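Visitor: Taken in sequence, the protein lines are chains A and B. The first sequence begins at 1 in this note's numbering and counts up by one. The second sequence begins at 736 in this note's numbering and counts up by one.
Among these hints, one or two may not hold up.
As the list claims (entries may be wrong) - Computed beta-carbon distance windows for the label pairs:
(1) A:Ala32 / B:Ala763: 41 to 49 Å
(2) B:Met940 / A:Gly383: 46 to 54 Å
(3) A:Gly541 / B:His825: 41 to 49 Å
(4) B:Gln859 / A:Gly89: 54 to 62 Å
(5) B:Ser855 / A:Leu255: 37 to 45 Å
In case anyone wonders, no lab produced these hints; they're calculated from the structure. Source: prediction; values computed, not measured. Built from N, CA and C at the ideal position, the CB exists for glycine as well.
Each chain is listed here by its residues.
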Amino acid sequence: MTQTRRNFLKFCGGATVGMIASPLPWKLLDDAAIWTQNWSWIARPPRGPQGWRYSACTLCPAGCGLKARLIGDLPVSAWAVPGHPVSGGCVCPAGLGLAQIRFHPARIRRAQRRVTAPDRAPAWRPEDTDLAIADVGHRLRRLRDAGALDRVGILDLRPGRALSTLQREFLARLGGGRYLTLPDGRELAAATLPELVGPQDTVPGADLARADVVISFGAALHDGWRGGGPAAGLRGDHAPELIQVESNTSVTATLADRWLPVRPGSEVVLALGLAHVLLADDLVPASTLARIGDLEAGPHPGYRDLVRRFSPRDTAAATGCEPRDLVATAHRLASARRALAVGGGDPGGGPLGREEEAAIWGLNLLLGAVGGRGAAVLRHDLGGIFAEPDAPSARSLRDLPDGSLELLIVDGAAPGAAIPADLLRRKLAGPDRMLVALSPFASGAATAADLVLPVQAPGEWSDDVPARALAPRTTYMVAPAIAAAPAGIAHPADLLDRLAAAAGGTRADLPGSRRHADLLRRRAGALHARGRGEVFDPADGSTLPVANLPTADHLVRLLDRGGCWSEDPTGSLASRPVRLLGADGSLAPRFRELADGRLPATTAPTDGFPLVLMARGRQGLAGGGPVPPVVNKLYREAHLHAGCGRAHVNPATAAACGLRDGAAAALATPRGRLQVTVVCDEAVMPGVVQVAVGPSPADLGDPAAGASDILMLTAAAERPIWRVEPAALEEVPRG
Amino acid sequence: MTSTHETTGDRSPRRRLGGRLAVAAGLAAGLAVGWLLLPRLLYGREAQPLDFNHVLHTDDAGLACQDCHRLRDDGSFAGLPDLAGCADCHTETQGDSPDEQRLVDDYVSTGRPIPWLVSSRQPQNVYFSHAAHVKLAAIACSRCHGDIGASTSLPVYEYNRISTYSRRIWGPRIAGGGPRESDSMKMSDCTDCHARRGVADHCLMCHK
């Protein structure tokens with residue numbers, strides 16, 4: 001064989017083929033990948049004996065039961081608790097990441113002061129926490145000296161906890177201030193029922209899992225991420241038949257037995273159309289009709305007269321739902337032994353309106369789904385059981401006039417729904433206005449803050465978890481800490497103490513964290529003293545009646561071990577008089593407008609805005625909470641979930657706008673415009689633009705990573721309902 | 736004008752044969768590097784601090800696997816026996832083995848733990864429950880650990896120079912695995928076994 005350049009190249013070619021046919025490249029690639037996972041600076045779980053600790057997830061208000069696996073004292077993973085009364089043995093991906101979320105890149109260990117303008121992506125400058133607390137204390141002291149403590153507010157993002165009581169106590173020690181909440185769609189839905197049935201000493205719930213048929217008006221029952229656990233009863237062999245009324249093919253719509261696509265914002269018309277069929281076809285028992293005080297015309301127009309105008313044909317014209325589907329749905333609901341209608345809105349798209357929720361509750365009242373198994377139920381409110389001081393009284397932040405505050409302190413709990421940053425900012429006025437977030441992460445509501453003070457993260461302190469709005473049973477849990485907090489990071493109650501001390505407020509006899517622990521024990525004592533309900537022990541899955549526990553300490557110990565107290569619903573509306581147009585008939589004018597074909601102005605395309613923007617979000621994530629790194633891969637690799645900054649449109653809509661998949665486009669509404677990437681998605685109704693709310697999960701929820709706040713385009717800060725907004729989409733050159 | 740194209744097309748059979756031989760030689764060399772040389776270069780070898788005769792302890796001394804490799808009261812696996820376990824029998828030498836002499840002199844007498852090199856140790860991001868597999872599923876130790884219990888001498892510890900993992904995880908073959916089921920302990924071995932037994936699995940079941 002002659003040694004030539006040609007033969008040498010052939011030799012190399014042959015060698016290359018030979019090596020490719022051997023394990024060499026693949027093995028080296030595999031080993032190199034493993035090598036990159038073992039760099040010295042990458043945190044590694046320790047070796048050692050394992051243990052388990054039971055707790056509850058506090059990453060959203062759902063409160064799914066969790067058991068954490070620990071190596072030594074370090075939690076390394078979290079699992080669902082089989083048979084848990086709240087989550088039924090399920091937990092969402094976020095909950096599975098509870099053990100890791102403490103290490104999230106957005107975690108802060110020092111105070112962070114904002115260095116960018118409020119309307120820009122946040123950037124932070126670390127600051128000595130003691131100095132930052134002194135600064136806030138100085139401002140509080142100045143406002144108190146000026147007699148302007150009504151310009152101080154503390155926003156509780158998850159009311160009803162023991163920490164909520166300490167937040168009120170903080171204001172009392174200060175000498176004044178406003179205790180503020182921000183009810184989400186579920187809470188607003190629950191608050192609507194008393195308008196129809198009169199004031200109650202109980203709160204409503206919805207026993208979805210035990211219903212035979214559930215008609216959901218856009219409720220994200222299966223779209224949950226956080227909050228996925230409580231929807232567990234809606235899956236499996238014994239799941240109720242689900243009818244989803246929704247504009248887009250959401251996951252819930254896909255998994256539903258029937259999907260009724262309706263025009264954006266027309267859910268209320270469909271609900272009234274169903275009521276029309278129920279009444280017109282005599283599907284409502286006479287005994288139920290006899291309890292409706294405003295069925296026939298009196299001082300106000302009668303309910304029957306109003307819904308008579310929502311004939312199947314008229315309803316179809318307004319909603320896009322076929323008349324035969326409407327009639328069949330009404331008959332299916334009437335024929336079911338236990339049919340239940342639910343609303344509640346979307347965590348990112350905002351709550352349904354008052355009239356929508358009233359129309360949905362009206363359906364339940366007509367169907368007799370008011371009390372008992374698989375129906376709307378009445379249950380005891382924990383606030384009444386605990387009987388703790390509730391002064392200053394709670395007020396919704398939305399009801400507060402803009403510019404009412406100079407200093408707003410925002411709690412660090414992850415809310416269940418979106419919080420428009422602009423809503424927080426617009427409540428502030430004055431030259432020294434300041435938004436202070438007490439948060440473990442520079443994410444969520446903290447991204448709107450001027451100053452973030454670090455507190456312990458979920459899983460590092462023992463928060464408590466009261467039953468959330470519309471829960472079918474009254475439940476109460478303590479979520480015991482599963483990990484030690486980093487040194488120097490304060491318990492939220494201790495931080496309130498330090499703020500009160502810096503402001504010169506009255507001193508408490510015990511540290512905040514001790515008072516918080518005492519309060520948890522007193523709450524357990526109150527539950528024990530009632531002697532009602534039962535407590536679930538996650539260690540062995542057993543359930544014990546509280547009456548069988550000899551002392552309150554037994555209940556305290558069970559709750560400290562991740563137990564869950566629960567009580568069945570106690571009240572029924574089956575025999576009470578109801579008024580379907582509200583106690584004062586105030587819903588009648590709005591229903592009449594709807595009958596005249598006047599949907600909310602925002603639902604109709606207008607000149608220059610031929611499309612409709614619908615914001616959507618996932619439970620908890622919509623509130624901007626951090627995304628656990630362990631599940632971030634789902635977003636990065638699967639594209640299963642809609643990412644922020646991406647406008648999902650039907651291919652026909654994209655074609656009509658001259659856009660193609662992946663194009664850069666400007667999404668405009670009367671409120672402003674944002675740049676988005678177009679995603680052609682058959683699941684979106686033609687004429688609709690769907691955008692996810694919250695920070696981009698692909699960036700681990702880092703708000704500075706360029707995610708756009710779509711709520712700025714929906715005027716969510718200006719009005720309580722922002723589900724639909726006229727919009728336009730036009731291509732812009734990439735650059 | 737004679738083009739280069741025409742010149743190359745006019746090749747003698749001898750030159751063509753030379754070219755084919757070059758390709759074949761390259762192919763053989765590439766295959767040899769990948770299949771024969773790579774395993775020699777990729778894996779390092781390290782001697783155990785002491786040799787250990789499993790047969791002597793099981794057959795002659797009458798011990799069972801779980802007498803030394805025991806589960807704790809909470810069901811978790813204690814792994815290798817600690818020094819106290821060895822010292823129960825070896826405060827003094829019982830035979831004339833030089834390794835036993837070193838055990839007594841270097842470790843039992845000084846209280847220094849024996850730095851065993853554990854071939855079957857999984858990476859740190861993996862959690863494996865021996866209790867679930869040994870007690871619940873009644874899987875024999877040899878299913879995963881092979882015939883180590885019938886050995887009279889410990890195999891040399893081999894480790895991957897890049898990943899640092901034990902070769903026992905990947906298997907003796909450079910392409911993975913080996914002739915026996917117990918030759919490798921990769922994730923695919925776990926999932927295959929779970930699939931065969933109809934046992935559900937998910938990422939966080941094993942990964943911390």
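Visitor: Using the beta carbons of Gly541 of chain A and His825 of chain B, state whether their distance is inside 41 to 49 Å or not.
Guide: With Cβ atoms ~45 Å apart, the hint holds.
Visitor: Measuring from beta carbon to beta carbon, are Met940 of chain B and Gly383 of chain A in 46 to 54 Å?
Guide: 40 Å Cβ-Cβ, so the 46 to 54 Å window is violated.
Visitor: When you take the CB atoms of Ser855 of chain B and Leu255 of chain A, is the distance between them in 37 to 45 Å?
Guide: Between Ser855 of chain B and Leu255 of chain A, where Cβ atoms are some 43 Å apart, the hint holds.
Visitor: Just to be sure I understand the hint, the distance between the Cβ atoms of Ala32 of chain A and Ala763 of chain B should be within 41 to 49 Å; is that true here?
Guide: violated, 26 Å
Visitor: Take a look at whether the Cβ-Cβ distance between Gln859 of chain B and Gly89 of chain A falls inside 54 to 62 Å.
Guide: Distance hint for Gln859 of chain B, Gly89 of chain A is violated at roughly 29 Å.
In terms of the numbered hints stated before, the structure departs from hints 1, 2, 4, listed from lowest to highest.
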